[in-house]
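Listed below, chain by chain, are the residues.
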Amino acid sequence: MIDLITTKYTYLVVVALLAIGAYVMIESDNFVKKIIGLNVFQTGIFVFFISAAFRTSGKSPVVQSGGGGGPFVSPLPHVLILTAIVVGVSLTAVALGLVVRVYESYGTVNEDTLEEVLAND
Amino acid sequence: MTDALVPLLVAVPLLGALFVVAAGLVSERGPPAVTALVLVAQTALAGWIGSRALLTGELSNAVGGFVAPYGIELVVDGLSAVVVVLVAVVSLAVLVYTVHDDPGGTAFYTEYLLLVTGLTGMSVTGDVFNLYVFLEISGLATYALVASAGTGRSAVSALKYLLFGTVAASLYLLGVGYALVATGTLNMADLSVKLAQVGYDSPLVLASFGFVVVGLATKTALFPLHTWQPDAYNDSPDSVSALISALVSTVAAYALLRIVYTVYTPAFFEAVPVARDALVLFACVSIVVGSILAVAQSEVKRMLAYSSVSQYGLVVVGLAIGTRAAVFGAIVHLVGHAIMKGGLFVAAGTVDDLTGATTVEGYAGLADRFPVLGGASAVLMLAMVGVPPAVGFAGKWYIALGAVRAGVWPVAVVIFASTLLTLAYFAILVERMFVAPASPSVRAATDGGAERLGGAATPPRRLLVLVVGAAVVAVALGFAVTGLETALEPTLDTLLS
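Listed in order, the protein sequences are those of chains A and B. Sequential numbering of the first sequence, starting at 1, is according to our numbering. Sequential numbering of the second sequence, starting at 1, is according to our numbering.
Just so you know, the hints here were simulated from the structure itself, not pulled from any lab data. Note that the Cβ used here is the ideal one computed from N, Cα and C, for glycine as well. Worth double-checking, as some hints may not be accurate.
[Said to hold, decoys possible] Where chain A lies over chain B, by a calculated footprint (3+ residues, C-beta under 8 angstroms): (1) 172-183; (2) 209-215.
[As the list claims (entries may be wrong)] Example chain A residues on the side facing chain B (calculated, C-beta under 8 angstroms, incomplete): (3) Val24; (4) Ile26; (5) Phe31; (6) Val32; (7) Lys34; (8) Phe48; (9) Ile50; (10) Pro71; (11) Pro75; (12) Leu80; (13) Val94; (14) Val99; (15) Thr113.
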C-alpha cells in the first residue's frame, strides 16, 4: 500500500481527478460548475497519459548528435495531450458560449430552475 | 496501395470552410454557393476514390510522409469507401434543403463543412488517436449547428449534447490511453497485432475495450446513453436535424465497427465471449426500449429520434454477432437508415413549414392535401419498418439471418418484435396521414391560412425532389444489396479474418 502511494501516486491523482470531475458534473445543478467538472475530468485523463509516459530518471526526448543518452521520457503522449488540451479549450469555449445564450434566454444557469421554465414554456 | 488523393478527402472540406469565410466577406450569397461547390467536388472525389477502393482494394496514405506506425495513416477500404460516399452525398442533398430553409450565414456554412470534414476524417483515419480528434471536430461542429436555431431551447439542448458528447469522447480517449500503455502504438493495423501479443485477457486491453465501446455507444446514442439525442434532434433547425440524424450517429456506429473489427479483431470476441454477450444484450435492450419510447411520443421529430435509438441498436447487434451475414446486414442498415431517416426529417421539416404541424395528430389528412409528400414519406416509413423490397428489409434480413446462423435465437425474436413496434409507431402516422379527417392546421393550409401564417400552399419542388429521391433510393438500394455484397466481399474477408 505504502509502496503504491510512493511509486504510483500520479495514478491516484488520476483517479481522484476523474472521480471529482464526474461527481461535480452529476451532482451540481449549475451549468458553469458542470463545465468546470468536465474540465477536471479531462485533466484527469491528461495526467493519466503524462504519467504513463514518465520514466524514472528519464531525460527529455532530445537525442544528442551521435545518438545515445537514454532512457528518454516517451514524447508521443505529450504530443497527444497537447492536442487534447487544445480540443478541451475549444470545447470549454463553446460550452461557455452556450451558457451565456441560455442565461440570456432564461435568466438562469441552474438546471432545475431551467427544467421548470422549459416545462412551463 | 499508396494513393496521394486520399488526404484530399479531408483537406477539401477543411479548406472549403476557410473559403466560405472569405466568401462571406464578399457577398451574402457567397457562403451557400461556395459550400455547394465544395460539396460537389467532395462528392466527385469521394465517388472516384470510393469506387477505386471497392474495385482495386485498400488505398492508404501516410500523412506528411511519416510512415505508420509512427505517423498517421489514412486508409480507405471498401467499408470506409461506402461511408465516405454516404457522407458526401447526404450532406450535398441536405444542403439543397438548407439553402431553401436558409437558417444562417457564414458561420453556419463553415460549421456545415467542418462537420463534413470531421465525419470524413473519422471514416478514413487509420489511427485511433486521430479518430478522437476527428470525433471532437465533428462534435464541436454539431453542437454549434444544433444551437444555430437561435432559440433558448436549442442552446439548452446543444449544451446537454456537449456535456454528454465530451464525456463520451473523453472515455474513448481514456480507452485509447489504456491501449497505448499496453502496446505503445496508435495505428489500428499495428494495434491489432500488438494487442494479440499482449493477450486479450490482460486487464489493460479489457479496460480499453470497455471505455472505447461505452464512449462510441454514447455518440451512437444507444439506450441508456441516448438521453442527449431526442432533444438535440428536436430543437435544432429542420435542415440540421436531417443532416445529423442521417450522418453523425451513423459515422459513430461505423467507428465502433471499425474499432471492434480492425483493432480488437474477431479473435478478441472469441477470447473474451463475455464482451460480445454484453454488447449483444446492450444492443437488444436499446432496440426494444427505443421502439417503446418511440411509440409513446406524440411529436413527430421526437418519435423519429427515439426510432433512431432502436435502429442503431439493430446495427450494433449485427456487428456484435459478428458472422459475415450479420456484419454485412449492419453495414446495409447503417447506410439505409441514413437515407431513410434523413428523408423523413426533411419531410417532417417541410410539413412543419407548410402547416405548422409537428405532432402525430397534426398530420391528420395530410396526404389528401400533399399527396406526393405524404406518399413519399409513407414509402420511407414502410421501408424503415422493413417491408420488402426496400433497404430496411434487406438490412434486418441479413442481421436476423446472421443471428440465426450463429445460433442466437433470442436476437432474431428481438428483431422481429422491434419490427412490429416500428410498424406500431409508423402505422399510426400513416393512418393519420391517409385515413383521418384533416386537422385544423392542415385545413388552414388548404384554404390559404398557411399563407397568412407565412407558409406556402404547396411544397417547394426541390424539397419534393429530395423526399421522393430518398424514397426512390431507399427502395432501389434494396435491389442493389446483392451487388454491394459482392463489392464488399474482400473487405468483409479482411475484417472478419
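Which of the listed hints are not met by the structure?
Violated: hints 2, 3, 4, 6, 9, 10, 11, 15.
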